[in-house]
Structures are given as C-alpha cells and as structure tokens.
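**Q** Using the sequences and the accompanying hints, generate a full structural model.
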Amino acid sequence: MCPPAHFEVAYEINPWMHNEVHPDPERAQAQWERLVAALRSAGAEVETMDPVPGLPDLVFTANAGLVDGDRFIPSRFRHPERRGETDHDVAWFSRRGYRVAWLPEAVLHEGAGDALPFGGHGPNPPTLLSGYRFRSDAASHAEVSRITGAPVRPLELADPRLYHLDLVFCPLDDRRAMVAPLGLDRYGLKVVESLVPELLYLEDEEALGFCANSVVVGDRIVMPGCPARVGDRLRSWGFEVEVCPVDEFLKAGGGCRCLTLALDVRLGVEARGGPA
Amino acid sequence: MATEVVELQGHIIDSLILAKVLDLILEAGADYRLVEVDIGRTSSDTSAARIEVTASDDAVLANLVEALQIHGANRVDVGEAELVAADIDGVLPGGFYSTTNLPTRVRVDRRWIEVANPEMDCALVVDRAGPGAAARTVPMHAVRRGDLVVVGHDGVKVDSPDRPRGPAAFEFMNSEVSSEKPKALVIQEVADKLRTARTTSTRVLAVCGPAVIHTGAGPAVARLVAGGWIDVLFAGNGFATHDIESNVLGTSLGVSLGEGKATEGGHANHLRVINEVRRHGSIAAAVEAGFIGGGVMYECVRAGVPFVLGGSVRDDGPLPDVISDTVAAVDAMRALVPGVSVALMLASTLHAIATGNILPSSVETYCVDINQAVVTKLADRGSHQALGIVTDVGLFLGQLAEALCP
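So the sequences go chain by chain: A and B. Residue numbers for the first sequence follow our numbering, beginning at 1 and rising by one. Residue numbers for the second sequence follow our numbering, beginning at 1 and rising by one.
Because the hints were derived from the structure by calculation, they are not lab data. Among the clues, some could well be false.
Said to hold, decoys possible - No more than 25 Å apart at the CA atoms, straight line, and that leaves these computed lysine to any residue pairs for SDA-like: (1) A:190 with B:23; (2) B:261 with B:370; (3) A:190 with B:22; (4) A:190 with B:183; (5) A:190 with B:193; (6) A:190 with B:59; (7) A:190 with B:261; (8) A:190 with B:43; (9) A:190 with B:24; (10) B:261 with B:305; (11) A:190 with B:70; (12) A:190 with B:69; (13) B:157 with B:59; (14) A:190 with B:37; (15) A:190 with B:39; (16) A:190 with B:40; (17) A:190 with B:46; (18) A:251 with A:22; (19) A:190 with B:32; (20) B:193 with B:305; (21) A:190 with B:44; (22) A:190 with B:341; (23) A:251 with A:46; (24) A:190 with B:50; (25) B:193 with B:341; (26) B:183 with B:395; (27) A:190 with B:38; (28) A:190 with B:26; (29) B:193 with B:357; (30) A:251 with A:268; (31) A:190 with B:47; (32) A:190 with B:67.
**A** This is the structure we're talking about:
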C-alpha cells in the first residue's frame, strides 16, 4: 500500500473524477490508516511504498502491476498521467528481489485492477479473469498468459463507471465471488457464471457503491460499504464483513481494493519460490 | 465487396471472445469465413483464429475492423504491394505484375485501391499525387520513367471471374459457342442488352469486319448508328473502304451488292474510292463535300460517333483516317473504352482480338461470326467474358436493326 500523502484529484481520467471536487487530505489519511488497521487485524501483513509528489494515484497500488510468485509484471498504463508511477513500482519490487517481466510496449494492461485470479487447486493454476476496454486492451491478455502460463479469460467491461475489473468482480474463495452484471456484457457474464459455482449478483446501485472493490483476507471481507442485503448473504456464507469507508478515495474512482496490491498471488502452473 | 483478414489470439474459446467477435461480424451485416483455427489442447493453452471478414463496402468494413480491434482481433498484414519506379520510358521494372482483365485491387498505404481500368497484359501503376493513392493499368510502351510499378504478387487481389450477368440473364446460352442456338432469341437478348446500355447511359461498341459489308449488312449497321444504338466503332481500312465503296459505287470489292455480279474494272473500285477520300483529306471531309452520301462511316460522321480505323501491313491506300502506327491505333481505341458496357464483335477476327485485349472483363461481349474458331480464339486469348453467336452476320444485323429500329 502507499500512504496518501500526495493523493489528490489533479486530472480526470474516469467518470468519478472531477477537478473541482477535492479530497480532504486529513480525512483521506485517516481513512487510509483505518483501512491498514482493518487489514492487519484481519491477519494481513501490510508493506508500504513511499508516496511521490506529482503522482496522486500512486495510492491505488492495485494498478502497479501483476504479482506472480517472485515475478512482477509492471502495468502499461493507458493514461500518460499515471505512467510515471511505473518507475517507482518497479524500483520497489526490484529492491525486494522480484524478477521484473515486462509486457510489450504495444499493449495496455493495468495490473491487478484488471486481472483477478479465481480458483485453482493443486496442480491446476487459477484462472485469471482480465477486464479490457477502458484501461487494459484485449491484446494484452495473450501476453499475460504467455508470461505467467495462466489461462486468461478476457472480459469486456461494459460500463465506463466500472472501468476496472475490480469494480465488477470480487473473488471470495475457491467457490464464491461477487459480480456486477452492470459491468459486463452477456459473453463476459456467461464466462463468469461458468467459472464460479456460487455467485452473489450485485445490483446496479450496489455495484456503483463499489461493493466489489473489497479486500478479502481469509474469511474477513473489508468493504468500502455494505448494503444489508449483501452483508446478509456474505455472512450466510460464513464471512465476516468489516466496512471501512473510503469516500475520500471514491472521489478519484477507487475503493478499498484499489488501495491494495496482494503480494501472495501465484499464477501459472509451475511451483515457484517466494521472493529472494 | 470489401474483405480483410483479422487474427485473434489467446484464450479466445473459453472466454467466448471468438464467439463474440463472430457475432459482432454478423450483427454488422458482414460475413466471415474461418480461414484457420488453432485450438489449444488444454485450458492453459492459447488458441488462435484467422477470420476473413467480408462486408458490402469499404466503409462498413473499416468500422467493423476497428470495432473488432477492441476485442483483440487485429488485421493481418496482408502485405502491401511492392512498388518500383520505372527507370526507362517504355520499359517496366523486372518482375512487374502482369494484369488480367478482371476487377483488381492493390494494397497501398494500408488501403485497398480499385484499379481504375482493368486491362489484360499491362502493368499496374500507382499514382500517389492526389489526395489518396490511385491505381491504373498501363501498357508497356506507355510507362514513363519514374512511374511506380507494382512488382510481384503481394498486395494484389483479383476478383474471381464470376459472370456478373448470372444464370438468369442468358441462361439458354450455357456453352460459350454454339451454332445450335435459336437465333431469334439470341438477337432479342442482344437487343435487350443494347436497350439496357441506353437506359444506363453506358456505351455500345461495335467492332466491324469487312464481311459486314460483303454480306450486305452495311445498311443495317448504318441504321443502328443513325438510331443511336452504336456509340463507338472500331474497324480497319477494309471495312471503311468497302462501306464507302458500296455507297459511292454500289459495289463491294467490285462486286455489285444489288445484283451480286462482278462489275467491269471493279477490282480497282476500292482503290479509286480510297484515292478520292485521300483527296478530301478525311472521311469527314468527304462526307462534308458530298462525296460520301450514306453508309456506316457517313452515319458515324453525321452522328458524331467516334471511330478508330486501325491499320495493317496489307492495307491498300490506306484511307486518310487509318492509324497505321498500330501502337497508336490501340492507344486511340483504349481512349474510347471507358464507359463501354456492351461490345459487339461483328465478323472481325483481328480487330475483335485487339479489342478483346483492351476491354475489362465487365464489358458484355458478343462475338458474331459464321466461323466458330473466331469466338474460340477470342476466349483463348483471355476474353473469357465473350459469348459467341455463330451465325451469318448479315442475317444477325438485319434482325437486330429490325428489332431496335423498326
């Protein structure tokens, strides 16, 4: 994660951003600290990177890239406003001994924000669901698959307000996930339905409240907001729900999950050691 | 029809991307053909598909291909045409692409360009001077130093030689040549083609051999010209000479067309006629002066129907209008081809073949000759669109004129 010391809305690259609506720095800092505390209390270890002036969206570490064991695949950002983040992301992972694998310059992919692994048991690798259209492009998926060896299912995102896959889909465990039909077309929804045995369908309002942008740590789900209907269902599945309001970050189009990048991700088939 | 090949790669089967792309093609009103599909063995393996997309026009296709790109379907680079500048006037670069008379397209600057004037046995020259590139056929002698000539076969597409007329239009003529066709029906069909040409403001070309005059069909052709049914005439010195001779002296090669008897001293009739026309300076001047008072050439001059008289090594005279430089003669014929939709080859062998050489395959071509070999020869030299009507040209033209100018 990256502290929001330099977080602001300095440009408009998604429908949530408005140059005239500024986040309150103190509230943002407090919300971010509360999110860190919630994740730690759920059992997660949190590592941080240094914020950088002029890179307000560096707080949204989900878009830094894809983690696959000891490999880091840096994002290729669509918007020039965010491309400056990559050097800092790569430096952070390199210092920790990750091998950096670059996507070709010709493709766009915005990291874990647009690529979520689901399932995978024993020798079977998880399936990487990968969103495209608004940020990542369709051609990137064959490249991600080539680097990681993971089967990748590209899903076309259908609503510009849900511009990253992590606003549309949230894997909960090996059998369950939340999905927002608003954000997919019929093909994408069919792919998700055929892959996930038990789905919690988010209604449009719930999806636009960023319910899917939640962080799952074991059986605890840290959510930016949770309507009663969704909470009841999640609890009936045995999850504990913790709501962590991050509305200062919603002004930039990001929720809880956008503020994190999971480091314990293994894609592909072969067993890999952790970072050296 | 516009066609592009796109390629999809990755996990395109389980992600339904392939299905989605194919659906999008159909929803856009276009069609596809799976050229190649390589499906991975396990769910981890990637697959690849090459899809040929066909749409009604370039604009629809361009929009569709752009829409498909969003889903990772990229246009396969089919290769641009290789262009080499000619280094000498009248000489093509080695390996030049040799044309057919079929509709042809050239890929230049990532666009397919329609060749403006399909003609067989020419080179393709690309002109980049205008707002977009243009492509045209150029005969060898006409290429100029610096012309960009297509070399090799990359980036050149030739449309399959489907008969545009379809099975219904001329269905009783399944074989190209036959003497066993019901002539009245054939003549009716040809008359209909000429009527269509008139309503579509396209032009009818007649290529006439001397037998048209010998068989007494000159007045019928003259009627067709006067009636506005023939818009361009190609012939040789012989046809024009006998046409004029028959109108000035009433003989063709000295034989009286009225009585069928050889006239005394008639063997020199055509020479005397040529000599007088040469005195006038041109056929038009001879018409103007009243020396020629009727016939095909007379009607051409009166109606302003352009004609080209191509010379040959055995011509007497020749008439002053005859272009005795054969290369210049064919160029003059070429200049009159645009706009022609129907060609009637009338009892002519050499001029019919010369004309067949310069016509695009889209021109409806009828070859009327008593000799089946002429039609076969025309088809053998690449004018596959030619339909043969094996009959006496005199009878044919008489009935055609009757049908069109009653």
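**Q** State for each hint whether it applies.
**A** Okay, the hints, checked on the actual structure:
no.: 1; hint: A:190 with B:23; result: holds, 15 Å
no.: 2; hint: B:261 with B:370; result: holds, 23 Å
no.: 3; hint: A:190 with B:22; result: holds, 16 Å
no.: 4; hint: A:190 with B:183; result: violated, 65 Å
no.: 5; hint: A:190 with B:193; result: violated, 56 Å
no.: 6; hint: A:190 with B:59; result: violated, 32 Å
no.: 7; hint: A:190 with B:261; result: violated, 91 Å
no.: 8; hint: A:190 with B:43; result: holds, 17 Å
no.: 9; hint: A:190 with B:24; result: holds, 17 Å
no.: 10; hint: B:261 with B:305; result: violated, 33 Å
no.: 11; hint: A:190 with B:70; result: holds, 19 Å
no.: 12; hint: A:190 with B:69; result: holds, 21 Å
no.: 13; hint: B:157 with B:59; result: holds, 18 Å
no.: 14; hint: A:190 with B:37; result: holds, 22 Å
no.: 15; hint: A:190 with B:39; result: holds, 20 Å
no.: 16; hint: A:190 with B:40; result: holds, 21 Å
no.: 17; hint: A:190 with B:46; result: holds, 19 Å
no.: 18; hint: A:251 with A:22; result: holds, 7 Å
no.: 19; hint: A:190 with B:32; result: holds, 24 Å
no.: 20; hint: B:193 with B:305; result: holds, 19 Å
no.: 21; hint: A:190 with B:44; result: holds, 19 Å
no.: 22; hint: A:190 with B:341; result: violated, 54 Å
no.: 23; hint: A:251 with A:46; result: holds, 24 Å
no.: 24; hint: A:190 with B:50; result: holds, 24 Å
no.: 25; hint: B:193 with B:341; result: holds, 9 Å
no.: 26; hint: B:183 with B:395; result: holds, 10 Å
no.: 27; hint: A:190 with B:38; result: holds, 23 Å
no.: 28; hint: A:190 with B:26; result: holds, 20 Å
no.: 29; hint: B:193 with B:357; result: holds, 21 Å
no.: 30; hint: A:251 with A:268; result: violated, 35 Å
no.: 31; hint: A:190 with B:47; result: holds, 19 Å
no.: 32; hint: A:190 with B:67; result: holds, 21 Å
Checked against the numbered hints listed earlier, the structure breaks hints 4, 5, 6, 7, 10, 22, 30; every other hint is satisfied.
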